[in-house]
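Hey, can you work out the whole structure from these sequences and the hints?
The listed protein sequences derive, respectively, from chains S and R.
Following the numbering used here, the numbering of the first sequence begins with 236 at its first residue and continues without gaps.
Following the numbering used here, the numbering of the second sequence begins with 495 at its first residue and continues without gaps.
Think of the hints as simulated: they come from the structure by calculation, not from any bench.
All figures in this text were calculated on a predicted structure; none of them were measured in a lab.
No residue lacks a Cβ here, since even glycine has one placed at the ideal position from N, Cα and C.
Be aware that a few hints might be false.
Claimed, not checked - Below, a list of computed lysine to any residue pairs in the SDA-like style, where the Cα atoms sit at most 20 Å apart: (1) 659(R) x 641(R); (2) 237(S) x 617(R); (3) 577(R) x 649(R); (4) 237(S) x 612(R); (5) 577(R) x 547(R); (6) 667(R) x 656(R); (7) 237(S) x 616(R); (8) 621(R) x 236(S); (9) 237(S) x 667(R); (10) 667(R) x 242(S); (11) 503(R) x 564(R).
Said to hold, decoys possible - Quick look at which bits of chain R chain S covers, simulated, 3 or more residues with Cβ under 8 Å: (12) 511-518; (13) 527-535.
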Amino acid sequence: MKTPREILLARHRNAEPRLNQIRREVVDQLSSQPIPSPSMPARIGLTLWRELIWPCRRTWAMLAAAWMVLLAVHFSQTQPARMITANNTSSPARIRQAFQEQQRLLTELIDTPVLTSPAEPPPPRNPAPRSERRYLIKSIRHATC
Amino acid sequence: MLAVIEREKLPVADARAGSSEAWDVLFQRYQLPLYAYVFELVHAEQPSLDIVQETFIAATRHIQSLRDEDRFGSWLFGIAHQKCIQHWRRNGREEPLDADFAETWHSTDEDPSELLVREEQEAEFMKILHHLPPAQREALLLHFVEDFSLDEIARITNTSPGTVKSRLHYAKKTLRKLLQDPTS
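Written out as structure tokens, the structure is:
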């Protein structure tokens with residue numbers, strides 16, 4: 236009893252000399268023209284792809300999808316706010332106008348004569364009888380002494 | 495000197511690094527199974543040899559695209575599969591491997607076990623193999639020649655594992671039936 240593999244390989248074994256010849260030709264070509272090895276960045280990229288990304292491709296894809304969703308949500312929220320800000324932002328002409336208005340008000344405030352009169356000296360007080368008298372007596376005594 | 499018999503010990507990394515000795519070992523390992531596979535699809539000696547040569551050259555040029563070094567064998571047979579399709583296109587023939595047939599896999603069916611062929615039935619076996627639809631024959635050849643898994647055969651032939659399972663089932667069923675009762 237033989238396995239199908241044994242039957243198939245035995246059937247084509249007579250092609251082996253020609254296959255050996257083909258193999259030698261290809262390998263000789265390789266020896267004479269070495270395969271150009273990829274550049275350093277390409278090799279690093281390939282290694283990263285093979286070792287890091289490809290084995291966990293599903294995880295990376297899910298992460299990327301999550302980031303895309305986050306970015307989409309972020310932009311959808313910031314877009315209306317940005318539009319509102321843009322609407323509220325004054326044009327340069329309006330800014331200039333407001334500035335001129337402020338300047339005018341300031342000039343008015345500075346140049347306008349003071350409406351309220353300066354503080355008048357307080358009217359002479361009527362001397363209080365007892366304290367004034369005491370003061371007068373003291374001063375007379377002092378003078379006479 | 496590199497000596498390789500088992501699939502796991504193939505010097506694929508050395509070949510990737512450009513070692514011609516490693517390539518020699520790899521080609522020596524696969525040349526006959528690859529030729530048998532191609533010949534049983536193409537049915538002509540010289541075109542089959544040309545396809546094997548083109549496959550070897552393409553493998554040396556595109557080895558950097560091989561992601562998993564353990565799958566060098568299925569990758570190489572995948573290149574050969576593409577070369578067969580190119581050969582049919584060049585000759586203005588339809589691609590018989592793409593002519594899929596609508597059949598479904600029934601889980602109640604008997605799971606096909608490995609076939610063993612008696613010496614006196616060898617010629618009959620080959621005759622039956624040639625009469626199988628090309629897509630079934632290809633799946634069976636890949637299964638017989640290299641014992642590739644369903645996933646590997648699916649990857650080589652660009653089909654789904656379910657389709658491969660179905661093709662293998664029907665091909666083995668036909669083979670077993672005809673080997674048991676050649677008159678049918």
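Outcome of the hint check:
Restraint check: the Cα-Cα separation between residue 659(R) and residue 641(R) comes to about 13 Å, which is no more than 20 Å; the hinted pair holds. Between residue 237(S) and residue 617(R) the CA atoms are separated by roughly 12 Å; this keeps the pair inside 20 Å, and the hint holds. Only pairs whose Cα atoms come within 20 Å are accepted, and residue 577(R) paired with residue 649(R) is accepted, the gap being roughly 15 Å. Between residue 237(S) and residue 612(R) the alpha-carbon distance is near 6 Å, which keeps this suggested pair within the 20 Å criterion.
With a CA separation close to 10 Å, the supplied pair residue 577(R) and residue 547(R) stays within the 20 Å bound. With a C-alpha separation of about 16 Å, the suggested pairing of residue 667(R) with residue 656(R) holds against the 20 Å cut-off. The suggested pairing of residue 237(S) with residue 616(R) holds, with an alpha-carbon distance near 9 Å, which does not exceed 20 Å. Using a Cα cut-off of 20 Å, the hinted pair residue 621(R) and residue 236(S) holds, with the two alpha carbons roughly 17 Å apart.
Straight-line distance between C-alpha atoms of residue 237(S) and residue 667(R) comes to about 18 Å, which keeps the hinted pair within the 20 Å bound. Taking the CA atoms of residue 667(R) and residue 242(S), the gap is near 19 Å; set against the 20 Å cutoff, the hint holds. Restraint check for residue 503(R) and residue 564(R): satisfied, since their Cα atoms lie roughly 9 Å apart, inside the 20 Å limit. For the region 511-518 of chain R, the proposed coverage by chain S is satisfied: 5 residues have a C-beta within less than 8 Å of a C-beta in that chain, meeting the threshold of three.
A count of 5 residues in the region 527-535 of chain R with a Cβ less than 8 Å from any Cβ of chain S is obtained; the coverage claim is therefore met, three being the minimum.
In summary, this structure violates none of the numbered hints.
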